[in-house]
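**Q** Below, each chain spelled out in residue letters.
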Amino acid sequence: MTFRSTKAFVPVALLAAAIAAANASSQQISKAVKAVQLTGLPGIKENAKGILSVENGNLHFVHGKAISDLSASLIQDVVTGSDSQKAVGKTVGVISTAAPYGGGRFLSLFRSKIDTLTVEYRDADGAFHGAIFTMPVGTAEEIKKELIAQGAHTSSSASADKEQKQ
Amino acid sequence: MKLLAKVGALLCISVMFSSGHALCDGKNQPSKIKAGAIQVAMIESDETSVPAEFRVALYENLIRQLEKRGFQSVYRDGDRNAASVANLVVLHSTVRRFKRGSEEARQVTTVAGATSISVHCQFTNADGQTLLERDVTGKVRFFGGNLRATYDFAKRASRIAHENLSGADSK
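Respectively, the protein sequence lines represent chains P and X.
Just so you know, my numbering puts 73 at position 73 of the first sequence, and the rest follows in order with no gaps.
Every position in the second sequence, counted from 1, becomes a number in my numbering once 1000 is added.
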C-alpha cells in the first residue's frame, strides 16, 4: 500500500518540479547587486542607495519604499566604466581634512574601486533620459550582459568598455 | 528763508538726477530673449572623447538646474510635446575640452588633479537660428568626485539662461 502510493507520488513530484523550474527560468531574475543611483531615474532621489537587478525584462531598482522599473527594450545604450571612491565615509572624510599632520590626506589615499553603469533611454514621449549607477567592482558587466540579453541596445562592445576603463 | 530755498533747489536737482539715472539704467538693460519653453538637446562632442557617464551627467544636471532657476517648461531632447510650443528655445551643448582629473590627487596635493570641462552652449530658436552663444566651463578643484564638474557647468549654464531668457521666474 505504502509502496504503491509512493510510486504514484513520484511522477506528480517530478511534474511539479518541472513546472517550478520552467517558472523560474521565465521570470529571468538576475543576481541583485547593491548600487547607488547617482542621477536619472524618475521618482528616485540623487545618490540613492538601493538594490539593482534585471527582472522580467526590466532594470529594477529598489530604494526603501521607492521602486523604479525601466524596460530593457527602451534602453538605447548601456555603457560600463570604472572609478574609485574614498574608503572612509563622506562626513568622516570631510572632518578628517582638519586632522593635524596631514592625517586627513593620508586617509584619502585609501580608496576602493567601483564600477559605473550608464543607461540611456527614451520614454513614451520620445524624451531622452540618462541614468548613472555605481556598484561594486566586477558587477556592472553582468548587469549589462543581462540587459542586452533582455532587449537593451548598446553602442559599445565589452572591449570598448575595457578601453574606456583604462 | 534763503536757506530753505537753497535746500529745496538742491533736493529738486538730486531728484531729477536720480530719476534720470534710473531711466538710463532701464535703457541700458539688455532685453531678454522671449522663451515660451526651453528644450535641452543631447550633449555633443565633436573632437573630444567624453565618457558616457559625464555626457549623461551634463545633460541631467543641466535639466535639473534649469528647472531650479524657475523655467516652467523644460523639455528633454526628442520630447514630442515640445513641437507645439510657441517661442521654443533649444539649448545645444558641445563639449570642446575635457580633462579628467583625479579625486585622490586633489585631496592629497590640493593643487593637482582638477577635472575641467569646457562646453560651447548655443541657444537657438526652433528653426535653428542662433539667439545666443557662450562658452561655459565646469570645474572641480577640491572636494567631490569628478562628476561634480558637470554640476558646476550646469549651474553656470543655467545662470546664463536665466539672465538672458525671459521664461524663468525670478528666483
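Derived from the structure by calculation, the hints contain no laboratory data.
Here the structure is a predicted model, which is why all the values come from computation and not from measurement.
C-beta: ideal position from N, C-alpha, C; glycine also.
Some hints here could point you the wrong way.
Unchecked claim - Label-pair ranges, simulated between beta-carbon atoms:
id	chain 1	residue 1	chain 2	residue 2	range
1	X	Glu1047	P	Arg111	48 to 54 Å
2	P	Asp125	X	Glu1047	28 to 34 Å
3	X	Glu1133	P	Asp77	44 to 50 Å
4	X	Lys1034	P	Ser112	20 to 26 Å
5	P	Ala124	X	Ser1031	46 to 52 Å
6	X	Asp1135	P	Pro136	22 to 28 Å
7	P	Gln85	X	Ser1073	35 to 41 Å
8	X	Phe1142	P	Asp125	24 to 30 Å
9	X	Gly1036	P	Ala124	18 to 24 Å
10	X	Gly1145	P	Ile51	20 to 26 Å
11	X	Asn1125	P	Asp77	27 to 33 Å
Said to hold, decoys possible - As a list, the in silico DSSO-like pairs of lysine-lysine whose alpha-carbon atoms are at most 27 Å apart:
id	chain 1	residue 1	chain 2	residue 2
12	P	Lys145	P	Lys49
13	P	Lys49	P	Lys113
14	P	Lys45	X	Lys1068
15	P	Lys113	X	Lys1139
16	X	Lys1155	X	Lys1034
17	X	Lys1099	P	Lys113
18	P	Lys49	P	Lys34
19	X	Lys1155	P	Lys45
20	P	Lys31	P	Lys113
21	P	Lys34	P	Lys113
22	P	Lys49	X	Lys1139
23	P	Lys49	X	Lys1034
24	P	Lys45	X	Lys1139
25	X	Lys1068	P	Lys49
26	P	Lys65	X	Lys1068
As the list claims (entries may be wrong) - To list a few chain X residues with every Cβ distance to chain P over 10 Å, as calculated:
id	residue
27	Glu1044
28	Ser1045
29	Glu1067
30	Leu1088
31	Arg1096
32	Asp1127
33	Thr1137
34	Glu1163
**Q** Holds or violated: P/Lys45 and X/Lys1068, Cα atoms, limit 27 Å.
**A** holds, 15 Å
**Q** Please verify whether P/Lys49 and P/Lys34 have alpha carbons no more than 27 Å apart.
**A** holds, 7 Å
**Q** If I take the minimum Cβ distance from X/Arg1096 to any residue of chain P, is it greater than 10 Å?
**A** Label holds. Min Cβ-Cβ 20 Å, cutoff 10 Å.
**Q** Would you say the C-beta atoms of X/Lys1034 and P/Ser112 sit inside 20 to 26 Å of each other?
**A** Once the Cβ atoms are compared, 50 Å apart, the range 20 to 26 Å for P/Ser112 and X/Lys1034 is violated.
**Q** May I ask you to check that X/Thr1137 keeps its beta-carbon over 10 Å from the closest beta-carbon of chain P?
**A** holds, 20 Å
**Q** Using the beta carbons of X/Glu1133 and P/Asp77, state whether their distance is inside 44 to 50 Å or not.
**A** With Cβ atoms ~28 Å apart, the hint is violated.
**Q** Just to be sure I understand the hint, the distance between the Cβ atoms of X/Phe1142 and P/Asp125 should be within 24 to 30 Å; is that true here?
**A** violated, 40 Å
**Q** Given the hint that X/Lys1068 pairs with P/Lys49, test it: the Cα-Cα distance must not exceed 27 Å.
**A** Holds - the C-alpha atoms of P/Lys49 and X/Lys1068 are around 24 Å apart, at most 27 Å.
**Q** Is P/Lys145 close enough to P/Lys49, meaning Cα to Cα at most 27 Å?
**A** Holds, at roughly 22 Å.
**Q** Say whether it holds or is violated: X/Glu1163 keeps its Cβ farther than 10 Å from all Cβ of chain P.
**A** Answer for X/Glu1163: holds, closest chain P Cβ roughly 25 Å.
**Q** Tell me if the straight-line CA distance from X/Lys1155 to P/Lys45 falls inside 27 Å.
**A** holds, 19 Å
**Q** The output says X/Glu1044 does not contact chain P. Does that hold with a beta carbon cutoff of 10 Å?
**A** Given a closest Cβ separation of 13 Å, the condition holds.
The structure fails hints 1, 3, 4, 5, 6, 8, 23 (numbered hints given earlier, in ascending order).
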